[in-house]
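Novice: Listed below are the residues making up each chain.
There are 2 protein chains.
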Amino acid sequence: MNFELRVLGTGSAVPSYGRFSSSQVLHTHSKDFMIDCADGTQYQLRRLGVKNTRLGHIFISHLHGDHCFGLIALISTMSMLHHTNDIYIHAHPDLERLLQPQLDYFCYDLPFKVIFEPFDPLQHSTIYEDRSLTVETIPLVHSVPTSGFLFREKPSAPHLNKERLAWHGVGLAEARAIKEGADFTRADGTVIPRAEFLTAPTPSKSYAYCCDTYYSERIIPIIEGVDVLFHEATFAQAESHRCKNTLHSTAKGAASIAAKAHVKQLIISHFSARYPQLDHLLDEAREVFPDTLLAADGMVFQF
Amino acid sequence: MNFELRVLGTGSAVPSYGRFSSSQVLHTHSKDFMIDCADGTQYQLRRLGVKNTRLGHIFISHLHGDHCFGLIALISTMSMLHHTNDIYIHAHPDLERLLQPQLDYFCYDLPFKVIFEPFDPLQHSTIYEDRSLTVETIPLVHSVPTSGFLFREKPSAPHLNKERLAWHGVGLAEARAIKEGADFTRADGTVIPRAEFLTAPTPSKSYAYCCDTYYSERIIPIIEGVDVLFHEATFAQAESHRCKNTLHSTAKGAASIAAKAHVKQLIISHFSARYPQLDHLLDEAREVFPDTLLAADGMVFQF
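If you read the sequences in order, they're chains A and B. In terms of our numbering, the first sequence has 18 at position 18, counting the first letter as 1, and numbering is strictly consecutive. In terms of our numbering, the second sequence has 150 at position 150, counting the first letter as 1, and numbering is strictly consecutive.
These are calculated hints, taken from the structure and not from any lab test. Check each hint, because a few of them may be wrong.
[What the hints assert, rightly or not] A short, non-exhaustive set of chain A residues, derived as facing chain B with CB atoms under 7 Å:
#: 1; residue: I72
#: 2; residue: S76
#: 3; residue: L282
On a predicted model such as this, the values are computed, not experimentally measured, just so you know. In this text, a Cβ means the ideal position worked out from N, Cα and C, and glycines have one as well.
Next comes chain A alone, as it looks inside the complex (with noise of 0.2 Å):
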């Protein structure tokens, strides 16, 4: 398991049958990301037992209001839970001037700094990096700037093949070296090739993120192969009229998108107050592309 994500909230901009709108954490190599935070995000967290003491890292898709209007509540809490860390913001650019008058007011003694870190969600380009993980915008379409999240782990190293270390009589420093980059001498001078003892590394992991969105083949190049693309799904294919003035997609379009991209599993999300039901938008999906699952509030998902 290289990443572990908790859906918080499948719902769109109008909550109802019980989900929340859109929020949801992303946790891998000892790390939570957010991605969205709507309204009551953090009742969200806290029925679902998610601790956010590790949260570090914040990323909004657009300044929507059912994608980021539980942030100055999920703030303000933390502090009150005592969380250190700081927190970074990754929005546009607008966010701060709307947050920050709110956060001097509300949140003035915060045990953390809240650090906004603006970007523009028409240019595709990466965002984040640490030694594990890069986070890559996808400019998506919708009715204002709006982007997605490529998370993809950085290739791990190659594994040493145990077996053949000890047949060569490896020792614990020369293992180190040969793990480095090093070949190895033998006692006899012979000079083994540093590739006769490595193994394949672990697979990188990637999971893309888009939502709210148009159908968009654009963003096909960026997200393909992913193992998880999570698209939104508002609609079923008797609504499908309704995608272009509301400028979201249909099931059977985020299908589509994933057959198209080649991606290993498809979770759709964002589900129209309309339906207390959702098979019918699971079966159009799976008639396109089989691998989908729904998304559920509270959801934990392993890949």
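Put chain B on the given structure of chain A with help from the hints.
Specialist: Just chain B, lined up with the frame of chain A:
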């Protein structure tokens, strides 16, 4: 029944054990009045099946996040649900400058107006009046300017006693004249005083909301004799030493206020996140004021 109170959240600043933070809706005379509006209030309205189409006035006790962070999401969602009545927000004057930039950005196309009605929380005054009701502020003692709210029905007109009307042969038009203030003159010229036809009016009901506050006997003259007092009870006696720093009350303190103000019923709420169970708070309050209820998220209370 004159009032119907729906409690949406009973937690304090940090949400816990499924308790949302402070918000409630008081229904009376075909209108809904919201009191406080914590983060997530819109979800509670939907979960509890409260239609917000009758909502016109929102009263905010003070500018701590757990009493007002839900406003922007509520207003945004009301717009999507085709609410059309103007919304009046009665609050500390600072709220307008904090909320207006967000309204301008996220809710620029509302089908209704949002009108701020600022008041001074530290002055006892009448801040709302219609033909059935007044709302008065109740200055409280908290770390920021805070006000409770006293909803008081106006005295209703005396009822006409139908038997006496019939006995004296009073017609419909004459009965209306009696109701409006006239005496009745019989065919023989005898004047029957108006009071002869009247019976006592239905008693006016009153409701006081006091949250958040340190124990304060200064509120007693204002809330004297109310039908229902909703008073915060953040702490049990074992944590009473915390009241002074946090400027909150104990359950016992709330009960003491209820007893000294001769209210008919007490509801306690705003429970600290430290209490998974609340029985001991109820016990401590009932020792002092037996007619006490524990508020619970979703509770509906008619009086």
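Novice: Against each hint, give a clear statement of whether it holds in the structure.
Specialist: Against the structure, the hints:
{"no.": "1", "hint": "I72", "verdict": "6 Å, holds"}
{"no.": "2", "hint": "S76", "verdict": "5 Å, holds"}
{"no.": "3", "hint": "L282", "verdict": "23 Å, violated"}
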